[in-house]
Amino acid sequence: EPEVTQTPSHQVTQMGQEVILRCVPISNHLYFYWYRQILGQKVEFLVSFYNNEISEKSEIFDDQFSVERPDGSNFTLKIRSTKLEDSAMYFCASSLTGVPLTDTQYFGPGTRLTVL
Amino acid sequence: GENVEQHPSTLSVQEGDSAVIKCTYSDSASNYFPWYKQELGKRPQLIIDIRSNVGEKKDQRIAVTLNKTAKHFSLHITETQPEDSAVYFCAAFLSGGGADGLTFGKGTHLIIQP
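Chains as they are written, first to last, in the working numbering: chain B, 1 to 116; chain E, 1001 to 1114.
No lab work stands behind these hints, which were simulated from the structure alone.
Given the structure is predicted, the values throughout are model-derived calculations rather than measurements.
Backbone N, C-alpha and C fix where the C-beta goes; we use that ideal spot for every residue, glycine too.
Check before you lean on any hint, since a few could be wrong.
Covered, in the sense of this in silico footprint (three residues per stretch, anywhere, with C-beta under 8 Å from a C-beta of chain B), are these stretches of chain E [unchecked claim]:
1. 1083 to 1089
2. 1104 to 1114
Straight-line Cα separation of at most 27 Å, DSS-like style, residue types lysine-lysine; simulated pairs [claimed, not checked]:
3. E:Lys1106 to B:Lys83
4. E:Lys1042 to B:Lys42
5. B:Lys57 to E:Lys1042
6. B:Lys42 to E:Lys1068
7. B:Lys57 to B:Lys83
8. E:Lys1058 to B:Lys57
Calculated from the model, a selection of chain E residues having no Cβ within reach of chain B, i.e. all distances over 12 Å [as the list claims (entries may be wrong)]:
9. Gly1001
10. Gln1014
11. Gly1016
12. Asp1027
13. Lys1071
Work out the full structure, taking the sequences as your base and the hints as a guide.
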């Protein structure tokens, strides 16, 4: 069964540095998402992406965040200048359509980001 | 926006007994309610979901019920087994079109006692 994949599994960075988290969604899916989960807390929506543009974003997704689909397979989340509070597990997800009445979001294994 | 409350935060049951996790949501326009199971250090895995046009759905030992009037939905696991131990998250999707994100509850840590 196809799965969403993410790299790296763990990223350690210094405060103020830029990081790029990478995701490969399921190949025929058209909608892509990033979620964040701070240790011990719930999963929080960051952004959704369709047709090469942001569809929705939450209050968490401020100007230091950006997303991109640089080629036909990858979907990236960039954090420009990391802060200590950005330390979290970042999950990518994808769905075939954006309509949950007919579809489901499938999650990747996550990238644990640690900001020192 | 949507707000999802989930209870309890921790649930400990004897192996073989049933477990029930409850969630409420705030926006009556929400129309899709998935449940995810997350084992330690792993991705959330969809285990069951329900759309707003049905009141109950069952898949082997797992069932979900939805009460649209009261705006709550519940996960029922019968004949619990050790491998059911995990954190379970409920979520709600607010209708309105477009590729919107899910709003998650805070999770329930289910512990199955042997």
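Here is how each hint holds up against the structure:
1. 1083 to 1089: Result for this restraint: violated, n = 1.
2. 1104 to 1114: holds (count 4)
3. E:Lys1106 to B:Lys83: Given pair lysine 1106 of chain E, lysine 83 of chain B holds - Cα atoms ~23 Å apart, limit 27 Å.
4. E:Lys1042 to B:Lys42: Holds, at roughly 14 Å.
5. B:Lys57 to E:Lys1042: holds, 24 Å
6. B:Lys42 to E:Lys1068: Roughly 23 Å separates the two Cα atoms, so the pair holds.
7. B:Lys57 to B:Lys83: Holds - the C-alpha atoms of lysine 83 of chain B and lysine 57 of chain B are around 19 Å apart, at most 27 Å.
8. E:Lys1058 to B:Lys57: violated, 33 Å
9. Gly1001: It is violated; glycine 1001 of chain E is separated from chain B by about 9 Å at its closest Cβ, not greater than 12 Å.
10. Gln1014: At about 26 Å from chain B, glutamine 1014 of chain E clears the 12 Å cut-off, so the statement holds.
11. Gly1016: The assertion about glycine 1016 of chain E holds, with a minimum of 29 Å to chain B.
12. Asp1027: holds, 14 Å
13. Lys1071: Holds, because the least Cβ-Cβ distance between lysine 1071 of chain E and chain B comes to about 17 Å, which exceeds 12 Å.
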